[in-house]
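Novice: Position one of the sequence shown corresponds to residue 2 (our numbering), numbered consecutively onward.
What the hints contain is simulated information worked out from the structure, not anything from laboratory work.
There's no promise every hint is true.
Once the Cα atoms are required to be at most 25 Å apart in a straight line, the calculated SDA-like pairs of lysine to any residue come out as [what the hints assert, rightly or not]:
#1 720 x 442
#2 114 x 126
#3 628 x 721
#4 939 x 684
#5 701 x 876
#6 939 x 628
#7 777 x 878
#8 701 x 649
#9 83 x 645
#10 628 x 648
#11 660 x 585
#12 998 x 755
#13 541 x 417
#14 926 x 673
#15 876 x 753
#16 919 x 943
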Amino acid sequence: MNKVRRQKRKKGAEEDFVSSLPDVILQHILSFIPTKFVIRTSLLSKRWRHVWLDTPSVSFDINSIPEAALVNETLSRYTVPKLMRFKLHINKTNNTPHLHKWIEFAMSRNVEKLSLKFMFAREYTVPDFFYISSSVKQLTITLHLAPTSSVSWTSLKSLSLNCCSRISNDSLAKILSGCSILESLRLYQCNEITFLDLSKSLGLRTLDMLENLRHVEKLTLGASFLQAKALTLETHISQYVIPGVEKVLQNSPDLKKLTVHITINCNTIQGWYLDKYLDSQGLNPDQCWKSIDGVRWNKTCPDVESKHLDTHMLQYTKALEKMFLWGNRYFRFIEMVPALSHNNKVSIAFSHFWVYRRWVCVSVHFPFKSKLVMAKKERPRPEKLSVYLYIPNIVGYIRVLLNCVAFAVCFSNKTLFSLLYFFSFCCDAVDGWCARRFNQVSTFGAVLDMVTDRVSTACLLVILSQVYRPSLVFLSLLALDIASHWLQMYSTFLAGKSSHKDVKDSTSWLFRLYYGNRIFMCYCCVSCEVLYIILLLIAKNQTQNLLNVVVATLTQISPLSFLLALTLFGWSMKQTVNIIQMKTAADVCVLGESDTDTSALSLSENFSLFSAMAKPVAIEVYNPNGKYRVVSTKPMPGTRWINLLIDQGCRVEICHLKKTILSVEDIVDLIGDKCDGVIGQLTEDWGETLFSALSKAGGKAFSNMAVGYNNVDVEAANKYNIAVGNTPGVLTETTAELAASLSLAAARRIVEADGFMRAGLYEGWLPHLFVGNLLKGQTVGVIGAGRIGSAYARMMVEGFKMNLIYYDLYQSTRLEKFVTAYGQFLKANGEQPVTWKRASSMEEVLREADLISLHPVLDKTTYHLVNKERLAIMKKEAILVNCSRGPVIDEAALVDHLRENPMFRVGLDVFEEEPFMKPGLADMKNAVVVPHIASASKWTREGMATLAALNVLGRIKGYPIWNDPNRVDPFLNENASPPAASPSIVNSKALGLPVSKL
């Protein structure tokens, strides 16, 4: 009896424990349970029922009318305002009268992931409101779609159409035209589609439809596909897929890397249909598929699948350089490589996954002769020095030779061994310096360096294991060294990192210190090698006890004991790092094993592992033999800036590191040991550290790709004699245009109205619906009437006949004359003339203007120029626009003001702590926010890149400084060579640089 009571108490305690979980955890649990079971669970208590009503996930599988009635009652009690997931699967036709209501429920709750599967409701017509949504991000459909009007799914990224056999070409075209940011498209059994136009789906990255392409007569792909140089096909190669692959390859003329990931999880008919396909081409399967030595394939063997990649598929890959095969059906693919049409060698690699889970990667090269002549001739490239003859690789060969000699005399002459071994170890630093100094980084060199390090250390540890007892100590150190480094390298590409030294996300301070501080890393590595050499030198016979020898040496008062103690500490730090490294890497591997996405990694990522070892950051190189090295920390629009640098003998390196904002450490690695100039971005912190590194590398110039340079410590640049450039004069009009756009969007509540329409909330015209402000005849205030401020003022005065009030430390005579002349023009035509006024204070502008635009420079005097007190003196329905610098406004005070004054509106292009917004700003409907795009017009951004490049080039070539940085049209004329001058150097006077007389 007591035992039963204890069991009951235990059971009750467990129920109480589950019931006591926070709402968010219970909702997460309920999200993975079918809704009808969730309802039963929610009946256990009022709290569970309350939790379910706010669970952002609904899932229904409906088979009968009674269940439909239950769904209606269930949804009537559902209170959550936003759905993350709505799944509705129907297997009976008698439920169609309810479908409208259920779909409307999901759309009204701004569902993000929507799955509709109506197997027997083929005559059902989807309502028009279904085709308008700004919330749906993932959509899976199994029903007939035939939109009668335009489609607007502005947030949709993943679309899957299954068994939509009746969908027409026009219907699919309408659907795709309304998916502006679509990234993934899946078509399965959509057999009526004969024309497929993907030219407007510029963001499309995943295309799962190869077997459906056998019906398509015309395939049109967009520019992003036509320019693609890398393509991954995840498919099962069979008769039903080959025509689709052919059409994809036909539309990828610039393809250089093809990855084929063979999977059995495909809805395709297997390989026994291949013979019919070959027969239809007039080919004999038995004659087509046999190995080079004449042995025919055994069709009962799974390897028969490998013959499906035939010349009919690969004959279109005229630019192919690399091909990767990933799967378990390509063990003998090398014997049957088809004749491709190429000028150069093609690298073909495949991966086979054995049952014992060991990876085998094979890479071979096949020379092919070209059968076609390319219409577009490329610029001839200079002959490249063989990688085997690179200076750092020659140093690597010397290391190998030194180690071989050293270990040959390790027992007969310990002193010579120690000298040779330590000199080889020092050469490790020399080859790294040579690689950076002579720009001769290579994958072969990185692998050679890594293998030499590990093998030499392993050999020394094996020798010590024969000298000291217990020998297991050194064998364990050997295993730890190899395992930790191998796991770390393997986990690097599993985590998608560009370098094995990227440990910023590690929770271990020692791990971060080791890879983040070169001096500390050097100390630890040198300590290990020196310690092992000392132990070998002081060993007198091969049976000594390790602990006794170490203790005896440390107790002696001598330089050797001091050196031994010093190296012991560094050795202990290195072994601790190895243990942390092995555990951290093992965790990444375990997570990668459990993550389904990781299993789909292409073989190309496996090969990029060695590229990550070879370079501190990912870079793209133009004109590798150039005399001057110029680095760009980000890819920039256009190609003219690259060509201008190349034409003047510059080697251009562009960083492609997948980080929005590069750290100081990243840029230091990018600069390296030799760099003549750097083109950077406004988001980077250019101070003492970076200018010091650039100066040591022989650099002469740095240029921001921006007008502002508040991210630059100009005094530090002066200290190191580095010229600092910026790009004025090119973005005046485009920035003023965006300020005007924000003014209109805020005044007429355009963003609010757009969201309202996309949510399907518009039911008809109403007198008070989104009433905004009229700009005509109102007063526009400009704070900072420089180039951009004056351009904005002219737009608003001339475009909307607004009166002007402005505040600036200097009188804007040209602006005043413009407004006066325009006012006289209006008066002469019988209209009310516009007026202007120069305010005596900024507060005067804030009090009188209906629309205020900020255009000051950012310094100590303009920080939080618009604060709580100044916001309070503005009109209740005023509009504030900022396209200058974020810290000009006290953003926290602005959020409070917007909340307290709903008719006050703001348009922001910049923010106080970019890229972040202050809490609450994103929730303000009376705020229009855009991500710092004031200069984001094609002409302007390409012009900024050109000016930044010419700033650096001018200092490298010793050109003078352009005499008017605001008049830069001669530099932007693509039909003429730019002047021999630097367009804009902000510290030219401090450096005493001459001014151009042009």
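Novice: Which hints, by number, does the structure contradict?
Specialist: Per hint list: 1, 5, 6, 9, 12, 14, 16 violated.
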